[in-house]
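Okay, here's what each chain looks like letter by letter:
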Amino acid sequence: MLKYHKKKWIAMILAGGQGSRLLSLTKRLAKPAVPFGGKYRIIDFTLSNCVNSGIDTVGVLTQYQPLLLNEYIGNGQPWDLDRVHGGVFVLPPYQQSTGSDWYTGTANAIYQNLHFIQRYDPDYVLILSGDHIYKMDYSRMLHFHRQKKADCTIAALEVPRHEASRFGILASDEDGRITSFEEKPAQPKSNMASMGIYIFSTKTLIRYLEEDAENEASAKDFGKNVIPAMLASGARLYAYPFEGYWKDVGTIDSLWEANMDLLDPSKPLDLGDPQWKIYARNAVRPPQYIGHGAVVQNSIVTEGAEIYGVVDFSVLFASVVVEPGATVRDSIVMPGTVIRSGAVVDYAIIAEGCEIGERARVGSRPEDTPDKSQWGVTVIAEGVTVAPGSVVPAKAVVDDNWDIGPQHTLDAPTSAKEVGEVVRA
Amino acid sequence: MKNLLGIVFSNSHKHIISELTPNRCMGSLPVGGRYRLIDFVLSTLANSGVEDVGVITQTNYQSLMEHLGNGREWDLSRKSGGLVIFPPFSRTESGMYRGRIDALYSILGYLRSSPATHVIICDCDMIFNTTYEDMLLSHIDSGADITILYKKMPLEADAAKDACVLSLAEDGRVQDVMISPPVAGEHNLYLNIMITSKSLLEYLVSSCYSHNQYSLARDILQAKAGQYHIHAYEYTGYVSRLYSLQSYYNANMALLDPQVRRQLFPREMPIYTRVRDEAPVRYGLGSNVSNSLLADGCVVEGEVENSILFRGVTVGKKAKVKNSIIMQDTVIGENSQLEWVMTDKNVTVREGRMLTGFRTYPIYIAKGSVI
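As given, the protein sequences belong to chains A and B, one line each in that order.
All letters in the first sequence, in the order written, are residues 1 to 425 by the numbering used here.
All letters in the second sequence, in the order written, are residues 1 to 371 by the numbering used here.
Since the hints were derived computationally from the structure, they do not count as laboratory data.
Incorrect hints may appear among the rest.
For the chain B half of the interface with chain A, some residues (derived, Cβ under 7 angstroms), not all of them [stated by the list, open to error]:
{"no.": "1", "residue": "Gly33"}
{"no.": "2", "residue": "Met269"}
{"no.": "3", "residue": "Tyr272"}
{"no.": "4", "residue": "Tyr283"}
{"no.": "5", "residue": "Leu293"}
{"no.": "6", "residue": "Leu355"}
Pairs of lysine-lysine residues, derived as DSS-like cross-links and limited to a Cα-Cα distance of at most 25 angstroms, are as follows [what the hints assert, rightly or not]:
{"no.": "7", "chain 1": "B", "residue 1": "Lys317", "chain 2": "A", "residue 2": "Lys267"}
{"no.": "8", "chain 1": "A", "residue 1": "Lys277", "chain 2": "B", "residue 2": "Lys345"}
{"no.": "9", "chain 1": "B", "residue 1": "Lys318", "chain 2": "A", "residue 2": "Lys267"}
Note that the Cβ used here is the ideal one computed from N, Cα and C, for glycine as well.
Could you put together the complete structure from these sequences and hints?
Laid out in structure tokens, this is it:
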């Protein structure tokens with residue numbers, strides 16, 4: 001048998017989720033592969049955190065639409081994860097002599113890859129989600145885990161009380177030892193939420209995963225089954241308090257907000273910190289060009305973009321073109337999309353390779369929407385063409401080419417004033 | 001394309017832009033916001049399918065070696081062949097070479113062991129983008145001994161400095177080669193790119209070396225234009241040659257023209273460069289940018305007009321940068337005003353400073369200066 005170098009710790013990133021609440025944005029790619037922040041994909045944050053924390057062996061567990069994620073991660077070179085011993089490995093479900101199975105839960109996904117973990121004989125295993133935006137030094141958490149002689153350490157942060165029932169909520173004693181853990185409780189006992197970041201001592205992990213695999217009643221989920229089982233059997237579980245920026249970008253609104261947070265200097269997520277870079281596979285494009293008469297403020301823009309129009313409070317990815325007279329405000333425009341002249345984009349997420357036709361109107365501003373319940377971020381899926389002069393109302397999710405003008409949108413929550421602005425010449 | 005071996009001279013012509021090259025070679029000259037001059041020639045070779053490239057260096061090659069690494073960014077990190085960097089003294093007797101022939105002689109072993117049938121020899125003194133498949137075919141079809149790339153173009157008074165101007169017969173055969181002639185107006189400018197068979201190159205280099213001849217232009221192209229069939233292959237695309245500080249300024253500023261960018265950066269022929277993993281450019285409240293190129297990692301809170309900002313430049317609040325080239329990691333303090341200025345890397349312009357050059361004489365601020 002091949003000899004592998006023993007590792008102190010390795011990371012396993014759960015990247016198989018569909019992210020169905022991201023609607024059309026995840027039609028052809030898994031949530032961790034969704035473009036984020038001008039030049040990144042969501043998983044870049046977790047991968048970069050691993051490398052910056054000194055982890056050189058990472059397994060990425062994929063299941064839903066893995067092609068793009070596979071291609072993107074490649075040999076791991078952009079994250080310095082092309083290593084002689086270790087590196088990054090994409091781990092899809094596979095067939096075994098005893099049968100084949102999709103990953104049925106987070107714990108099951110790790111369970112099915114125990115042999116991968118065992119090859120490196122690590123003392124600790126770090127289990128992460130591939131769909132969170134944050135910067136974190138996992139080596140400090142490992143230090144905490146060792147200090148506490150814990151079996152499992154869970155990173156936790158305070159969340160607003162009213163949001164607490166969306167998370168796994170834990171309570172701990174003065175020493176940080178976890179006394180209760182409830183997944184998405186209706187009546188949360190505290191506001192300390194699990195961030196889905198676990199460090200396990202390897203032997204404990206294997207023991208509890210094997211027990212969980214034999215329990216037919218289990219949903220094979222860390223938060224729902226494994227952690228409560230450990231707690232019940234008296235294992236040493238500790239909460240590692242995290243302070244800083246952390247966002248689960250599981251919904252259209254949170255994805256939009258997390259992008260907008262990058263424009264807010266008061267938010268503690270600095271992409272420019274040379275001590276903790278976020279790495280990404282870069283597009284090979286020339287520098288961005290800001291043309292005569294362009295107005296670009298409060299925005300981040302990346303290479304290959306060409307801007308001749310107005311861009312305000314927006315995040316523009318590689319090779320986006322904003323033609324003269326076009327306006328993009330409070331929006332996220334993903335790689336290669338072209339905003340034709342005279343088009344107005346407000347509060348929208350426009351996926352890769354779209355074309356927004358001349359004088360088209362995408363999304364609307366909340367202040368222009370009388371009925372606030374009808375207002376929300378507009379989503380245009382990958383590759384969609386929005387015809388010249390057409391109107392896409394607020395909160396709409398457009399999967400296919402769109403050619404509906406203002407005259408057909410009587411039910412749409414676009415105000416008469418706005419419709420008037422875009423009536424075809 | 002294993003039949004074509006690329007040889008790149010990273011250092012030739014550096015003395016003609018001495019301001020920018022006291023600590024760097026010509027190939028590592030920063031251009032166009034995020035590139036080094038060698039990126040253009042290496043990318044054209046890579047985009048032509050050339051898999052083996054030897055880069056010859058002479059002095060100040062540390063920054064170049066750092067930039068090139070193992071050649072991965074240009075897809076030249078290969079199991080066999082790929083990118084090879086040759087510093088001087090790469091053989092005990094080679095020493096510091098006087099000219100290209102000396103350098104080629106010192107890597108004769110590399111040439112001999114290459115599986116290629118032809119060699120393409122390039123300098124690093126141009127911003128351009130092309131591929132060489134057609135030039136190689138033309139070389140083979142014409143039966144020429146040597147094929148050299150040229151462009152018919154108007155030259156300014158000093159533009160032929162350290163360059164060759166060709167006189168050609170109607171069939172494109174080179175009749176005469178003039179080195180650094182004092183000419184202006186429309187001429188055939190040799191673009192310092194030539195293709196020849198590997199066997200002929202080995203012979204010519206050995207033969208010249210034994211006669212103590214070291215100049216490729218003088219002792220081969222000029223001296224042997226009658227003896228050998230030297231064919232000129234016309235390049236019609238965009239090129240700007242760097243031969244002075246002013247031409248360096250103009251070549252950078254030319255990139256603000258969308259027509260020029262379209263020719264230099266077509267999607268299917270990318271110009272590759274080393275990745276620096278910078279964050280996207282951040283435009284602050286009150287930033288006002290027009291007709292400018294900006295590379296990733298910049299933070300702009302002031303005004304930028306008709307300028308090129310390299311990676312990691314910061315422009316403070318109410319600062320004004322106009323008609324200027326600002327190289328990597330330069331910081332322009334609040335309320336400062338710069339016009340017709342070129343700052344080298346890591347320059348700090350403190351708050352409220354005013355620096356003004358002139359269109360025909362942009363002022364140059366050396367690397368690491370604090371103003």
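Consistency of the hints with the structure:
no.: 1; hint: Gly33; in the structure: 4 angstroms, holds
no.: 2; hint: Met269; in the structure: 10 angstroms, violated
no.: 3; hint: Tyr272; in the structure: 6 angstroms, holds
no.: 4; hint: Tyr283; in the structure: 5 angstroms, holds
no.: 5; hint: Leu293; in the structure: 4 angstroms, holds
no.: 6; hint: Leu355; in the structure: 22 angstroms, violated
no.: 7; hint: Lys317/B to Lys267/A; in the structure: 20 angstroms, holds
no.: 8; hint: Lys277/A to Lys345/B; in the structure: 21 angstroms, holds
no.: 9; hint: Lys318/B to Lys267/A; in the structure: 23 angstroms, holds
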